[in-house]
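Listed here are the chains, written in short residue letters.
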Amino acid sequence: MIHPTALVSPRARLGRNVSVGPYTIIHDDVEIGANGQVGSHCELGHPAGAGGAGPLVIGADSTIRSHSVFYQGSTFGEGLVTGHRVTVREGTQAGKGLQIGTLGDIQGSCVIGEYVRFHSNVHIGKHSRVGDYVWIFPYVVLTNDPHPPSEVQMGVTVGDFAAIATMSIVLPGVEIGRGALVGAHSSVNRCVDADTVVVGTPARFVCRTDEIKLKDGSGSPAYPWRRHFTRGYPAEAVQQWLAEFGTSDSSVLAAAVV
Amino acid sequence: MIHPTALVSPRARLGRNVSVGPYTIIHDDVEIGANGQVGSHCELGHPAGAGGAGPLVIGADSTIRSHSVFYQGSTFGEGLVTGHRVTVREGTQAGKGLQIGTLGDIQGSCVIGEYVRFHSNVHIGKHSRVGDYVWIFPYVVLTNDPHPPSEVQMGVTVGDFAAIATMSIVLPGVEIGRGALVGAHSSVNRCVDADTVVVGTPARFVCRTDEIKLKDGSGSPAYPWRRHFTRGYPAEAVQQWLAEFGTSDSSVLAAAVV
Amino acid sequence: MIHPTALVSPRARLGRNVSVGPYTIIHDDVEIGANGQVGSHCELGHPAGAGGAGPLVIGADSTIRSHSVFYQGSTFGEGLVTGHRVTVREGTQAGKGLQIGTLGDIQGSCVIGEYVRFHSNVHIGKHSRVGDYVWIFPYVVLTNDPHPPSEVQMGVTVGDFAAIATMSIVLPGVEIGRGALVGAHSSVNRCVDADTVVVGTPARFVCRTDEIKLKDGSGSPAYPWRRHFTRGYPAEAVQQWLAEFGTSDSSVLAAAVV
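Protein chains in written order, with our numbering: chain H, 95 to 352; chain V, 95 to 352; chain S, 95 to 352.
Calculated directly from the structure, the hints in this document are not laboratory data. Warning: the hint list may mix true and false statements.
Identical copies carry no separate label here, and so any pair may be met within one copy or between two of them.
Taking lysine-lysine pairs in the DSS-like style, the calculated list, with each CA pair at most 25 Å apart, reads [unchecked claim]:
#: 1; residue 1: Lys190; residue 2: Lys307
#: 2; residue 1: Lys220; residue 2: Lys309
#: 3; residue 1: Lys307; residue 2: Lys220
#: 4; residue 1: Lys309; residue 2: Lys190
Bound conformation, chain H alone (with noise of 0.2 Å):
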């Protein structure tokens, strides 16, 4: 359902089943899939600077939490989530199951891969790469200019799987390598390796990742992180991961959406 209060441009293109919530604006070049809902006080489509950027695509299955500001220019794939307020610029292009928590800001001319996460008040600059499932935490920032202010913009890459914690800064041009965990408060100036953690200011190698044991009382290893954390993500995957491990838990299995 369309709330009689949301202005809704004739021209944008909206799947069957889209609902739109109170006081939202949504302008011409905008298209929903199917079931999508979005919520009150948003604006969807917001023109971009100069030069056309094209549409703002959002995939079926999605859901844009209020007073959200998407500009058009930005293609998202099935299955995106939002919190509050998230605020995303032109130029992105992410794959399915994005979830971006409250008050994420999401600067533009990034690629996202699938089934990433980023938690409240996550601020990924301008020409970021991130892999696939990757979880990023709240108040991480993602820069890109190695000396500011420049004209020169070296975007962070992060590898599938990555975890970077809590209020940690990644410097402009720095690759997390896959499964690598930053560890929270740190700062990250130069490359980390895959599978290891890194923490400090400058952030330097603590351990492998999986030497942390998850203090749930098993004493199994914590990472790979998709040993044991399953919550929502598709069951193909899961099993492959299951496999991976050699895990026979179903309670992992069940986790997942199916």
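Dock chains V and S against the given chain H, drawing on the hints supplied.
Just chains V and S now, with coordinates in the frame of chain H:
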């Protein structure tokens, strides 16, 4: 007065003299005590996820400023005051006189005492337990996951009268003692004794709080802060503080709310 | 054009050609100069606390983006540009050409020079004094209370052309010298000399700013940044900068606004 553009469910229970600003939405299961003031562009009683979360209850004499979002399933004592764009998820219980600054993000399932003050842009992770008369300053995050991402959640505990300064994080399961001070830009990875100061990444003991002097020319101790800072607290509490410290400074009492 | 859903007080003073977006509220004591553009879901002239704060004055040719809240009692020169969800409290005086990024929080009673640029999500504490052509990057906080909480407020001072990089804080009463650079993720607890670089927690001297080289292949100095970064500044200022550094690179001038 209920602004004519506000969308207020007939099932919401508004006390006498409640005002609701333009373009604000109040859902079914919301109770707002007498004299409550709700600003513009808010959404109160946002449906929580699966499983009935119960009502949102806002005590009497509360002020909720514009663009704020409260989910159903939390309870606030009288005299709640928020800044703008506050987000509060379900399952939180808070005492009287809570202040939440602009952009505050309370993740839910928290227990918050009386007369707590969150300055702008704090992030209170799920399962945090915050005592009475606590102060938390901008860009502080209380975390809960010891090896993110995981299903293990170890909330932070903050003792009465403690203060956590700007841009600090408290790691999962840590307890901050009564009256302790966490210096700015710190990462607290172990418990902090009562009435001590810690600072750094990781945060380490610096001194007892009463060794810090007030920079007002008096040379008096800056802590416990209730020796000199009483603005807006109930007169009853302030009189007790004055007695505790043998202060007879009537201007200190006059600053309190009577 | 004033959108029909905008609630504009008949006592607000809007210059010629001002546009106001949907669901925006403009209170009584607001003055907006010619050609101003105000986005959707804003609230301008929000009443300040006790004691008449005076009008909110926005200079000509300004753009205020959606979901922003400005209190009465501040004055902005011409060409103000904001991102989304900006909050500005009462009592601030700002010069021409100020930019405030998305989620910026200006706490009030600040003095801000000309052509200052705040990137996303900065927090400018009360009583801050910011010079001309300053840059402040995401998640920077300028603090003011040396022993929080207290009634002592010692604002920060930032000199002309200084830059403070991402997720740094400046402690109360500190002065950042003209042209200085505070590296990312730093905590600045003492004054910073002009044209020097500091970094760390606590921030310490690293080198002179002119020892940092531009990472554009040229090997030129990256600072003073006005040698090479001129986008959007007034042509008059840029010509002066070119003369100062004996640069004859016409592309640098062309990047400036003429």
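Here is how each hint holds up against the structure:
no.: 1; hint: Lys190 <-> Lys307; verdict: neither (30 Å within a copy, 40 Å between copies)
no.: 2; hint: Lys220 <-> Lys309; verdict: between (36 Å within a copy, 17 Å between copies)
no.: 3; hint: Lys307 <-> Lys220; verdict: between (35 Å within a copy, 22 Å between copies)
no.: 4; hint: Lys309 <-> Lys190; verdict: neither (31 Å within a copy, 35 Å between copies)
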